[in-house]
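Take the sequences, apply the hints, and build the full model.
2 protein chains.
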Amino acid sequence: MNIIISNSSDKPIYEQIATQIKKIIISGEVSPGDALPSMRFLAKELRISVITTKRAYSDLERDGFIETVAGKGSFVANQNLSFIREEQLRLAEEFLQKAVDTAKNSDITCKELKDMLEILYGGEEA
Amino acid sequence: MNIIISNSSDKPIYEQIATQIKKIIISGEVSPGDALPSMRFLAKELRISVITTKRAYSDLERDGFIETVAGKGSFVANQNLSFIREEQLRLAEEFLQKAVDTAKNSDITCKELKDMLEILYGGEEA
DNA sequence: CATAGTGTATATATACTATATATACACTAT
DNA sequence: ATAGTGTATATATAGTATATATACACTATG
Numbered sequence: 001m002n003i004i005i006s007n008s009s010d011k012p013i014y015e016q017i018a019t020q021i022k023k024i025i026i027s028g029e030v031s032p033g034d035a036l037p038s039m040r041f042l043a044k045e046l047r048i049s050v051i052t053t054k055r056a057y058s059d060l061e062r063d064g065f066i067e068t069v070a071g072k073g074s075f076v077a078n079q080n081l082s083f084i085r086e087e088q089l090r091l092a093e094e095f096l097q098k099a100v101d102t103a104k105n106s107d108i109t110c111k112e113l114k115d116m117l118e119i120l121y122g123g124e125e126a
Numbered sequence: 001m002n003i004i005i006s007n008s009s010d011k012p013i014y015e016q017i018a019t020q021i022k023k024i025i026i027s028g029e030v031s032p033g034d035a036l037p038s039m040r041f042l043a044k045e046l047r048i049s050v051i052t053t054k055r056a057y058s059d060l061e062r063d064g065f066i067e068t069v070a071g072k073g074s075f076v077a078n079q080n081l082s083f084i085r086e087e088q089l090r091l092a093e094e095f096l097q098k099a100v101d102t103a104k105n106s107d108i109t110c111k112e113l114k115d116m117l118e119i120l121y122g123g124e125e126a
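These protein sequence lines are chains A and B, in that order. The UniProt record's numbering numbers the first residue of the first sequence as 1 and each following residue consecutively. The UniProt record's numbering numbers the first residue of the second sequence as 1 and each following residue consecutively.
Source of the hints: derived by calculation from the structure; they are not laboratory data. Some hints here could point you the wrong way.
Given that identical chains are not distinguished, each listed pair holds provided it fits within a single copy or across any two copies.
To be verified - In silico lysine-lysine, DSSO-like type, Cα no more than 27 Å apart, as pairs:
1) K72 to K54
2) K111 to K44
3) K23 to K114
4) K22 to K54
5) K54 to K23
6) K22 to K104
7) K23 to K104
8) K11 to K104
9) K98 to K23
10) K11 to K114
11) K11 to K98
12) K72 to K11
Following this line, the structure appears as structure tokens:
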């Protein structure tokens, strides 16, 4: 597992780590049950604090990508798709909220939004 | 022009002011060229700093709702209201599109989105 | 010009959030 | 016991958002 962090990046370290591990997991390079580098090991390798690697791993766990056991280590989770789905739901909801805020400020009705949504969704099969 | 601010709102004061004035303009209660309450007057009335009313007015000007002339005052912009609404519609549509893209990648149905939308819209009237 | 209205610029205070940390603690396997 | 593992607490630092006071500049009108 090859993680690279960059100081010149505008993204925080914990996010850089999490993003790279996410990609590795999604690409299938690693399998469910596989051990990840320990927080301590990764921290030492990257010369950062354990707490920062923990932050990355915690986020990954929250999003269902890995599982962590105190005293044992962190492991690639069973690709429990419903967890990942939940994350996508949250993301979608964020966008919807912004659309709603915009709409309310301009007397755009809920129905108008729903109609637009239907058109956008039905549009092209991606 | 009746502006109300609430300390218990989670929105900042300048945003509360801007939002209310936007609504008044969009609703047609005032016409292009009409004078808005002066920053100073409004500040005194609401017992807040001129700088806060200025912040609200600056935002409104940036978004094309009003025009401000130093030494004279602030006025409802000579604008095509339907154009502004169109702008807002397009903005909302952008957000919806992102929500749709996210959804489609995770088998989130159109109905799920619409249900979420309804909840978010009906939710809090800030 | 004097004046009283208007908006503007500068510098500042305060609170909140995000990021990252050190250190001490607790769990697990051998 | 020991050497791994993850965790909790308290803290430091930087950045951003919000709101302000005060002094300045523009505009109309006597």
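Here is how each hint holds up against the structure:
Proximity of K72 to K54 under the C-alpha cut-off of 27 Å is restricted to the intra-copy arrangement: shortest distance 14 Å within a copy versus 57 Å between copies. In the homo-oligomer, the alpha carbons of K111 and K44 never lie at most 27 Å apart, since the shortest distance is 48 Å inside one protomer and 40 Å across protomers. In this assembly of identical chains, K23 and K114 lie within 27 Å of each other by CA distance both inside one copy and across copies; the values are 25 Å within and 21 Å between. Proximity of K22 to K54 under the C-alpha cut-off of 27 Å is restricted to the intra-copy arrangement: shortest distance 15 Å within a copy versus 45 Å between copies.
Taking the shortest Cα distances, K54 and K23 sit within 27 Å of each other inside one copy (18 Å), while across copies they are farther apart (46 Å). For the homomeric pair K22 and K104, the shortest alpha-carbon distance between copies (11 Å) is at most 27 Å, but the shortest distance inside one copy (34 Å) is not. In the homo-oligomer, the alpha carbons of K23 and K104 lie at most 27 Å apart only across protomers (9 Å), although the nearest pairing inside one protomer, at 34 Å, exceeds that limit. Taking the shortest alpha-carbon separations for K11 and K104, only the inter-copy value of 14 Å comes in at or below 27 Å, while the best intra-copy value is 32 Å.
When the C-alpha separation of K98 and K23 is checked against a cutoff of 27 Å, the pair qualifies both within a copy, at 26 Å, and between copies, at 17 Å. In the homo-oligomer, the alpha carbons of K11 and K114 lie at most 27 Å apart both inside one protomer (26 Å) and across protomers (26 Å), since each shortest distance falls under that limit. Taking the closest pair of Cα atoms, K11 and K98 come within 27 Å of each other both inside a single copy (23 Å) and across two copies (14 Å). In the homo-oligomer, the alpha carbons of K72 and K11 never lie at most 27 Å apart, since the shortest distance is 29 Å inside one protomer and 45 Å across protomers.
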